[in-house]
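**Q** Sequence:
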Amino acid sequence: MLAVQTTFCGGRGKTRYRGTLLDFNQEKSSRVIVFEHWSNGVEWFLRDYVLDFYLKSLELLSWISRNHLDFIWTRDKDRFELKMATDSLLTSRPPWDDGSHSYGINNYAERAFLATLYCIIGVVGIVGNLFVMAAVLLSRKLQTATNVFIISLSVTDLLVSIVQPFQAVGLLGPNGWPLHPAICAIVGSIVVTAVSCSVLTLALIAINRYILITRSRKDYRRIYTPSKMALMVILSWMYPIVTLVVPQAAGQGKLGFDVNSRLCAWDFMHPIAYVYQILAGILSMVSFMLIVMSYTFIYRHVREHVRNTLATANKAKSSPSGPTPKKSQEKTEKVPPAKKEPGQKKEPGQKKVHKPTRLDITITKNLLYVICGFFMCVLPYTVLLFATTFVSSPGLISHVSSYLALVLVLDSCLNPIIYALKHPNFKIVFGCMVRCEFTRIPEPSRFLRRFLSSSTLTDNDNEARSRQSNTETSLSGMHTSSC
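Heads up, the sequence shown is in UniProt numbering, so the first residue is 1 and it goes up one at a time.
None of these hints come from the bench; they were simulated from the model. Treat the hints with caution; some may be incorrect.
Within a straight-line C-alpha distance of at most 30 Å, the following computed DSSO-like cross-link-like pairs (lysine-lysine) qualify [said to hold, decoys possible]:
| # | residue 1 | residue 2 |
| --- | --- | --- |
| 1 | K422 | K315 |
| 2 | K228 | K315 |
| 3 | K317 | K141 |
| 4 | K218 | K427 |
| 5 | K228 | K427 |
| 6 | K422 | K141 |
| 7 | K317 | K228 |
| 8 | K365 | K422 |
| 9 | K228 | K218 |
| 10 | K427 | K141 |
| 11 | K141 | K315 |
| 12 | K315 | K427 |
| 13 | K422 | K317 |
| 14 | K141 | K365 |
Computed Cβ-Cβ distance ranges for the label pairs, DEER-style [what the hints assert, rightly or not]:
| # | residue 1 | residue 2 | range |
| --- | --- | --- | --- |
| 15 | T439 | P178 | 42 to 52 Å |
| 16 | F113 | A230 | 20 to 30 Å |
| 17 | T225 | N107 | 22 to 32 Å |
| 18 | G176 | T296 | 39 to 49 Å |
| 19 | M293 | F438 | 32 to 42 Å |
| 20 | M133 | R449 | 46 to 56 Å |
| 21 | R440 | Y239 | 34 to 44 Å |
| 22 | P174 | L279 | 25 to 35 Å |
| 23 | A250 | P226 | 31 to 41 Å |
| 24 | F113 | P178 | 40 to 50 Å |
We treat Cβ as the ideally placed atom computed from N, Cα and C, and that holds for glycine.
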């Protein structure tokens, strides 16, 4: 049975239903809240018509009979629900639908503009994130614990980038989603999973930098073992799949084409869509708070470290037997002093705190750019999720959602650009890759060494064969001339 899809967008609170609903109160006149139907790519959306209930029923029944459709009417308390009993396709609009009450972006030029931007983001994101993965594969210097999460983040961004052309298809379709609904459901699942996983991964990155900067190396290595890091990455992927995708795929919600935003995600008009919107919003907010707390503690720790370094340097300058100011400054820059006063003995059981190097601080600062860029893209859409739950203004929200969704996916191509411009190690490796100077990549990985050795052997073989061929040619020429 194929149910006609509709939405309740007014009247009694913010309740949402499925089916065609005619709200009435046993009186002669009533308010038709919503009529929405899409079948075979045809969309109609109608809202807030105040007409005579009986006249409306006659018009609806007349329209049904003209289209030769078979419907089932059910009544539940104070509403009628209309379900289609066959897979018949609609061939004409209802007589009262003039198209003036559609929500979302109806201007084709505007939709084409958005579709073009989605495609550009997709192409840039695919190329950029493949570069990030290749850089980590080629350089052992980039194969760090933090970059395990960077790779996971790049995979999510790559998946989001790959499905952007499908979002463009939905925007350009004159009558909605033109392909099989299962394709849109898969695209929606990928988007929901990847974006949610990105939020969790950035929180894991912030916690990783906090532990690296503020704890000892021993503690860091104990926490970030390969097995524990693999578990963290798996959980960051499984959480959105289990909480946001599997229930909707099982029928508790709907993943697919949203007729308002004309994008593949989940159906925001489903009766329990607000549950997933709240879950996604809470996930973003909690991750944001963890990130803010982690970087606040990092800032305080680094500031205290700098103060202690300067205090020790000043004492060394004022000491008669101390080194010269210039040498003392160089020494403190290379090996930062501990927090305890000079000459103070280490207490028993006192843990040695890791002294952050300049490289640690630089990488942490640049990863902060990545996190800030992500939340600048994600937070507006998170606010929209809460707005669609608590604000009854579907016309404005559905129009804005298409643009905020574009800002949301913009982050998928933003991270590689930040790495290329700001991250010291990625910047060097990217430059070598672009110039095809693979021999100059710092600390080449085993894979790259094998590749370079095999290519060197191939070049040597080709050169030897060329020399042998030239020798044989010259000998043949000498033999011919002697004859």
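**Q** Next, verify each hint and record whether it holds.
**A** Each hint tested on the structure:
1. K422 with K315: violated (35 Å)
2. K228 with K315: Violated, because 43 Å separates the two Cα atoms, which is more than 30 Å.
3. K317 with K141: Violated: K317 and K141 sit about 37 Å apart, past 30 Å.
4. K218 with K427: holds (29 Å)
5. K228 with K427: Holds, because 28 Å separates the two Cα atoms, which is no more than 30 Å.
6. K422 with K141: OK: K422 and K141 at ~16 Å, within 30 Å.
7. K317 with K228: violated (46 Å)
8. K365 with K422: holds (9 Å)
9. K228 with K218: Roughly 15 Å separates the two Cα atoms, so the pair holds.
10. K427 with K141: Roughly 12 Å separates the two Cα atoms, so the pair holds.
11. K141 with K315: Given that 30 Å is the threshold and the Cα spacing comes to 37 Å, the pair is violated.
12. K315 with K427: violated (38 Å)
13. K422 with K317: Given pair K422, K317 is violated - Cα atoms ~35 Å apart, limit 30 Å.
14. K141 with K365: holds (18 Å)
15. T439 with P178: 42 to 52 Å: holds (49 Å)
16. F113 with A230: 20 to 30 Å: violated (42 Å)
17. T225 with N107: 22 to 32 Å: violated (55 Å)
18. G176 with T296: 39 to 49 Å: holds (46 Å)
19. M293 with F438: 32 to 42 Å: Given about 41 Å between the Cβ atoms, the range holds.
20. M133 with R449: 46 to 56 Å: With Cβ atoms ~18 Å apart, the hint is violated.
21. R440 with Y239: 34 to 44 Å: With Cβ atoms ~41 Å apart, the hint holds.
22. P174 with L279: 25 to 35 Å: holds (34 Å)
23. A250 with P226: 31 to 41 Å: holds (34 Å)
24. F113 with P178: 40 to 50 Å: violated (19 Å)
In summary, the structure is inconsistent with hints 1, 2, 3, 7, 11, 12, 13, 16, 17, 20 and 24 from the numbered list given earlier, while agreeing with the others.
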